[in-house]
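So the protein lines, in turn, are chains A, B, C and D. Sequential numbering of the first sequence, starting at 1, is according to our numbering. Sequential numbering of the second sequence, starting at 1, is according to our numbering. Sequential numbering of the third sequence, starting at 1, is according to our numbering. Sequential numbering of the fourth sequence, starting at 1, is according to our numbering.
Derived by calculation from the structure, the hints in this document are not laboratory data. Just so you know, even glycine gets a beta-carbon here, dropped at the ideal spot from N, CA and C. Worth double-checking, as some hints may not be accurate.
[As the list claims (entries may be wrong)] Here are some chain B residues pointing at chain C (derived, C-beta under 7 Å): (1) Pro143; (2) Ala151; (3) Ser178; (4) Leu181.
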Amino acid sequence: MTTTTPGRPHPMQSELDGPTRVGLYRTMVLIRTFEEAIRRDYYADKGPGFDIGKGLVPGEMHLAAGQEPVAAGVCAHLTADDAVTATHRPHHFAIAHGMDLTAMAAEIFGRETGLGHGRGGHMHLFDPSTHFSCSGIIAEGYPPALGQAFAFRHQGTDRVVVAVTGEGAANQGAFHESLNLAALWKLPVVFVVEDNEWGISVPRSASTSVHSNATRGVSYGIPAERIRDNDVEAVHLAASQAVARARAGEGPTLLEVHTLRLWGHFEGDAQGYRGDLDDVPARDPIPTYRTTLSAAGLLDDATAQQISDEASARVEDAVTFAKESPLPDPADAGAYVFA
Amino acid sequence: MTTTTPGRPHPMQSELDGPTRVGLYRTMVLIRTFEEAIRRDYYADKGPGFDIGKGLVPGEMHLAAGQEPVAAGVCAHLTADDAVTATHRPHHFAIAHGMDLTAMAAEIFGRETGLGHGRGGHMHLFDPSTHFSCSGIIAEGYPPALGQAFAFRHQGTDRVVVAVTGEGAANQGAFHESLNLAALWKLPVVFVVEDNEWGISVPRSASTSVHSNATRGVSYGIPAERIRDNDVEAVHLAASQAVARARAGEGPTLLEVHTLRLWGHFEGDAQGYRGDLDDVPARDPIPTYRTTLSAAGLLDDATAQQISDEASARVEDAVTFAKESPLPDPADAGAYVFA
Amino acid sequence: MTIIEQPVDTAPQSSHRLTTSKAMVEGIEIEMARDPSVIYLGEDVGAYGGIFSSTAGLLDRFGPERVLDTPISETAFIGLGIGAAVEGMRPVVELMFADFMGVCLDQIYNHMAKIHYESGGNVRVPMVLTTAVGGGYSDGAQHSQCLWGTFAHLPGMKVVVPSNPYDAKGLMIAAIRDDNPVVYMFHKGVMGLPWMVKNARATADVPEGEYTVPIGEAKVVRPGSDVTVVTLSLSVHHTLDVAETLAADGIDVEVIDLRSLVPLDRETILRSVGKTGHLVVVDEDYQSFGLSGEIAATITDVDPGMLRAPVARVANPDTPIPYSHPLEYAILPRQDRIEAAIRRTVSR
Amino acid sequence: MTIIEQPVDTAPQSSHRLTTSKAMVEGIEIEMARDPSVIYLGEDVGAYGGIFSSTAGLLDRFGPERVLDTPISETAFIGLGIGAAVEGMRPVVELMFADFMGVCLDQIYNHMAKIHYESGGNVRVPMVLTTAVGGGYSDGAQHSQCLWGTFAHLPGMKVVVPSNPYDAKGLMIAAIRDDNPVVYMFHKGVMGLPWMVKNARATADVPEGEYTVPIGEAKVVRPGSDVTVVTLSLSVHHTLDVAETLAADGIDVEVIDLRSLVPLDRETILRSVGKTGHLVVVDEDYQSFGLSGEIAATITDVDPGMLRAPVARVANPDTPIPYSHPLEYAILPRQDRIEAAIRRTVSR
Ligand SMILES: Cc1ncc(C[n+]2csc(CCOP(=O)(O)OP(=O)(O)O)c2C)c(N)n1
Ligand SMILES: Cc1ncc(C[n+]2csc(CCOP(=O)(O)OP(=O)(O)O)c2C)c(N)n1
Ligand SMILES: [Mg+2]
Ligand SMILES: [Mg+2]
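Chain A with its partners taken away, still in its complex shape (with noise of 0.2 Å):
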């Protein structure tokens, strides 16, 4: 791998077949339907006005529309045995790592039945059966998935770990660190950074020395690659090879995928600092990557339609059941401090 991209081929001639086309497609409109229901939701109570901490889901909501062909095509190559550690903008990577939708909706919904019992909300996803976690403090992820790596090949299995952050946390240091040691250890670590071209408000410009941060794996020793244009098949190609390297005990690489903020930072954000915003519309992924299918033949309007109602009632349910799921109790907010 180098550390710029050559020119990929076009979709039409894609090396994947049809049914993993369609999977990654599918994979995208599960993840966007699900973020679809919980802005929704999100917005429903918190007024009058806009009340960040009333309503059905409370608190900060870091939505990660546009940026489903990252999570869809690194995933792709993993089981539920491998690790995936997130950011404060975790589900696409959560329901791409097939983390269950309902414990996983009720956690956001801050019920008794969700993954960390309300306890943890959107930016503390944890859960065991699929080895996934996220943190809300910036690139501090990736330091415990080095030890999620380490773990795993130490125990003698094949398993491998991604790390996810943005290209604006590539800046703090736990980035360098963790990027130095997995790379000295050879740890089976693949590195994503999602670059949607924003820290909040700060452009990549005003935060990164460099253009793209797959130059900054020569810093390390290890492959890095920049994937462009938010194209799900280079992403799924590029982490195929990495996740092979990993298994293989080659060690890390690095990924950057140069993708898309649709929405703002968070909800409730005007975005007025953003000067492109009239473009976003039309870089949506999934309409460009529905057309590209049904270009190839592989996606009608019947099983397009199919595939969104399949979504729509996945997450409808989980929704449903988050809803209808109690509320913690409040005499029990000192458990689980210790084991």
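Starting from the known structure of chain A, fit chains B, C and D with the ligands onto it as the hints suggest.
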């Protein structure tokens, strides 16, 4: 500048004039003379046995013998208006940057007449008159250096800052954050990494995923160079370009010097972990440079003796002053917490 | 402020009626206009105006040379503030949430706070570290902490915690002019943000122009004779609410707003407890090894006999802050727990 | 141990006579032999054997797969410990000096300590974070701090602080077996290092084989009737020295070695102060907003009337730790200050 250094011209064909070369030698000798005096007095009264907290100079003592070429070569381009931030191993840079030996020695001896009235000690030398500071926390001297550089530019001057760490420290998060920010804001900083191959007992190969930190300049889009062979003239040349860039507003440079830890990590370190000990004395840069200069007809024995005598006189004056100075009054231990 | 903006208050009012966040900004603005060495740096402090509106309008007025958006590199840019302060500037540096201290505490407590001492007084670090604290809006365990106990425990930095517009402005001006590092901790819930639960006292009349609130002076915000409540920040407001309720029952509560933790105004506390004999501490930080213990010890240092009943501590019961609303409200020191504690204390 | 080694004690002695550092290592060794999921990582813990001899001999016995020298990247390797613990290992991770917490506190307090809670109990983080604390040998403001107040203030991690060989081994075994994160803070001055000032109680008989000291139980190390001194770590020894002196003057001092800060054994403290009516806290950490206040509050939480005199706090007076020997000794809680405080307290 490139990330690897092509072979330098043999010192016989030096680009530097005679007085400059002898000046570099003089600085190196002054440093070594100071360090030897400290070492002598460090052990003078640690007994019976060795109690690190006892004696004229208690506490950890990190001496820089062998690393004089780095400090001498870099600081030759600075005036007292420029700043230097150093590490737990700071004496060589302090002296090369022109710190008053008397106040420095008094601080190391914990006296009221010391730079910090005995509050700081050898890892905490602060000298406003030469804008010198240092820190005992690995790599954490880099960030304040950015601020000095920022202030210098903000104040409309062309003053620069030299920020130093060891090769072990370059794996700390602060290194990455500082280089990125300095590059982004084009701050007038010269980052110097002293690669003495060891971070206490850990060799570079066990701490750093690449052979040279100069490789890492590309991560920040800044020029970087590795200077081989602990060669003071090569350091001088590289630093002259780096300092000139900084003064001209062209931003930071990263210089790594492959140098030598002639003694232990700290005094008392028996270095049982170190396999190269037998070779070390022969690599001492001071006799080597003396031979070079005398071969070039620049340094006869009498001059060398005179340089050495001058250094001894200055150092012994400083040490005598320190020893004769009063210790701080215990009643004043709470002074200087707040201004 | 970018989060869905709403008009604050449309009733006719004095021209100096400000929210806490606007009062804070006014303090910064006055100092930036007065002293060219004052700069402001942090994440999203430029075009965004600060996630909690701590810098709204500053970029427009002072430009990008003095109001600087940084990369997400707290160690680097807080360190940058330190170095700039050492060389004669007066930087105000924002740590977006106090919860993020863990990525940059070394610069804060081993450098910012210690350089003056280590230099034997020869180097000064006149900088302000602003940071948002507090919970109550379901932001979870890593975005809701107060942590002032941690900052106040580590020597060499002053720590101020305004609870209202007047103090926010006056303490900001005092902090910028102070020759020491000052940590300025503002609770999101006192800022008067249009997108958070409204706090009646988060908008108030504030004098125009410059004035300072002295660092190290607590304020008796409600005099009373039966019980002393020592508190700070958002909890001042909850306590005042409760004091009004209890007044109807004939319980006369004295409320002390600490305003500064370092230096701590022990005199004011002692004077009050000397009068009331009953002490309640309300603290949104973790209970153990923190502020509430220090206030109790302020009495026992001098005369435990002043206390006619146990000291009640209404704090976070040493629990990470839960996300789910009923759980979070159970661990926060809110009106219900404050009222119960005061009633219990005066009944003994 | 590489620093100029000297024979510890050549007099004939029981085969289990160990220094604190050797007892600590023995605890680790027993667990590593018993449980293959135990590993040790940190800086200079391999060939060097730990700067303060915390790992001497482990590399030889268990090899570089289980005893790992790390780069100087505390955030990365402490995080690595966390992730490994989450996946079923039991890592012991060394932070060389507690003073370095500032470069990695986020992993410690926002991750190691909170994951269990945030996961609603579904994820466990059974790891031990070992770290050296304390001053007294002129190592300056960044290498001499105790900081246990800071660790104990932040919820979700247990904190233990052994003062002697027996506890060092028993608490280490207990810590490794605990399903929670445990911070294990060892004072350099109690380790019995050949190159530091000798402490008579730093070498003692230690049972062979495995045993645990329960986390959360303080110990009355000297019973007495006149005054209770609550203390920990090196200060236990200073206090015992003083207690002997004072016994000659008829002052009978009860000394409590806390051993654990989290959980804190409040019962033992209350029982003792209930008996003596006089409390002195000796704490090498900074005085304000820390341990000493928490101990005072432990009494005032229950009954300030138990205290027949003010509580004396003998701690670092909120000063960075000075380098120069006479200054450092002036701010440390040493025998002179402890004795004066006890005399003052019992005389009231
Ligand atoms: C250490 C730390 N600093 C700051 C923040 C506040 N913060 C949350 S998200 C964010 C921007 C992150 O940008 P990026 O890494 O590009 O991720 P994105 O939000 O674009 O997915 C910031 C500054 C934080 N959570 N942690
Ligand atoms: C953050 C931090 N971690 C660990 C240490 C302990 N320590 C002091 S010096 C040192 C080795 C430094 O190696 P290097 O950067 O190569 O500098 P050198 O000592 O070789 O000059 C270590 C680990 C420290 N001071 N700060
Ligand atoms: Mg981004
Ligand atoms: Mg080195």
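Inset, instruction - Return the numbers of the hints above that this structure violates; sort them in rising order. - result: Nothing - there is no hint that the structure violates, so all of them hold.
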